[in-house]
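A.B. asks: For reference, the chains in residue letters:
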Amino acid sequence: MALLELRNVHVAVAGRRVVRGVNLEVDRGELHVLLGPNGSGKSTLLKAIMGIPGYSVVEGEIRFEGRDLRDFKPHERAKMGIAMAYQSTRPIGVTLSRLIRELCRLYGSSPADISGLGLEGLLDRELHRGFSGGESKRVELALTILQRPKLALLDEPDSGVDLESIRVAGKAINRLVERGAAVLLVTHTGIVAEYLRRVDEAHVMVDGKIVASGELPHLLREVRVKGYSGLARGGANEHN
Amino acid sequence: MSIIDELARAGGTALYLQRNYDVLRRVVADSLRRRGLILEPLSEAVEKRSWVRKLLWRALPKEEGVKPYGAFLYVPPGLRIQAPLTFCFVVSEAEQLVHNVIVIDEGSDVLVTSACASTKRGEAHEGYTEVYLRRGARLNYVMIHSWMRETRVTAKTGVEVGEEGSFTQFYTCLKSPSSLTSDSRALLRQEATALLSTLYVASPSSSTTISSTIILAGEGSGGEVLARAVAVKGATLRLPTRIEARAPGSRGHIECRGLQLSPDSRIETTPALYSLRGGSQLTHEAAIGKISEEELYYLMSRGFTEEEATSLLVRGFLETGIRGLPEVMKPQVDAILSILARKAVG
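Chains as they are written, first to last, in my numbering: chain R, 1 to 240; chain P, 1001 to 1346.
Watch out, some of these pointers could steer you wrong.
[What the hints assert, rightly or not] Computed list of lysine-lysine pairs in DSBU-like fashion (alpha-carbon distance at most 30 Å, straight line):
| hint | chain 1 | residue 1 | chain 2 | residue 2 |
| --- | --- | --- | --- | --- |
| 1 | P | K1290 | R | K79 |
| 2 | P | K1330 | R | K73 |
| 3 | R | K79 | P | K1343 |
If you're looking for bench data, these hints aren't it; they were derived computationally from the structure.
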């Protein structure tokens, strides 16, 4: 049994189907990369797995460790071992240091778990208020690490940030994997993958559907040659 | 160890404890007594010292019928005390009327904590506190109160801050009563500063009015009013605030925020700025809102229940209203924030 199983998942936002029939399996400890253009439904899919209200699974099912997630609220899913690093968020009215303390208490983790991620100057500030793009991404990854997840959903940790921030994001993702987490990583460009020790499988999502799966370098080449729309029309060539 | 001994120990340097009208404990460290610090019942001070008699009701409008049944604190010039001097008033039966006078002499720098509480049989507490800071004196005045629901509370504080003096007031209630009226007003001389801050969580179906006024009477004086208030089910909270600039080069700011945790609660903020002379700078910001669903679900997705997430957000909201507190108070204030946040979500 896979850790995460998506079976014909359709997700609607404000009545519109954004994700349309996704099938995907992620095993324990595996790192999967989900590529796709803006608006293809990648972030929507992650939010639906996390159970965020407004991202309704209208068809199909999401199973985690064999359990249908349908009736579980976000905090229950988090306690089951699912954590999410958000792409962007409005300021949250809690200081970063308070949230770190509370997460350590909740999950038995330690601030030492997130050392080296460059958070020192942010601790006394309200979460995400006035943070730069890179700071927000680092903080999201750090909070995800503190949750000691079995499955980490990472929404574009490499978009809109400088190379140093991408390097730190790569370091944080490697740390998650070292600690046994499975990772579903959403990225536009795949650039963060250059800093990862291992990627097990990659998928391309276009217009709410997974149109190709395979090895990341091969899929990235296909995207460069055919574009996302070309891949959606013809699929990926077999990888030799 | 009795609670009184614990308070004495926590008070560190001086403690004045009064239950109803009985002075139960009056302790002053020998080193401070030798340097001229006085802590005694106001009735004694008025009898022994004519200058204290002359001070009475200068910083507050006179209240007929209020007798000098409270504490008198005098801190001589040039004394700097890190540990708190503590006043404690408990009303355990009928009504308690208290009149306190605090005089901090030139260049002294002290922290005074005021702990007031009631038991179920305490029907009413009325407190009148006059504070006089002489030239260059600094006072951190921390009021941490805890009232039974049944007790009616009225508190008035009048402050005169002398030239280049600095007054910081922090007011909070661990348990708020069903009816509370508090009125603090500070008059600032040349180059003096004041910060009046309030953290308040109104209990269900309570009625609360917390007024804060700063009068910038001296050239170059500066004052700030800071309030964070949370209203739960059926609570009504009024936060009238006022800064009046009477001197050029003065500056004032009001920052008042309310958080409604229930649709049937009510919050009124009425910031008022008066500039009576040119050359002053006055600003205000006021906001009333509720907890956003986005923030709530963000925290829930990190594993907190709805109650825990709300409590964290209330704590964060209150925390932004804390400024200017001395280091020594930070652990207590941290604990207070946790208590208030828990109370807010029931």
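A.B. asks: Could you run down the list of hints and mark each one as holding or not?
C.D. replies: How the hints compare with the structure:
| no. | hint | verdict |
| --- | --- | --- |
| 1 | P:K1290 with R:K79 | 27 Å, holds |
| 2 | P:K1330 with R:K73 | 36 Å, violated |
| 3 | R:K79 with P:K1343 | 25 Å, holds |
Checked against the numbered hints given earlier, this structure breaks only hint 2.
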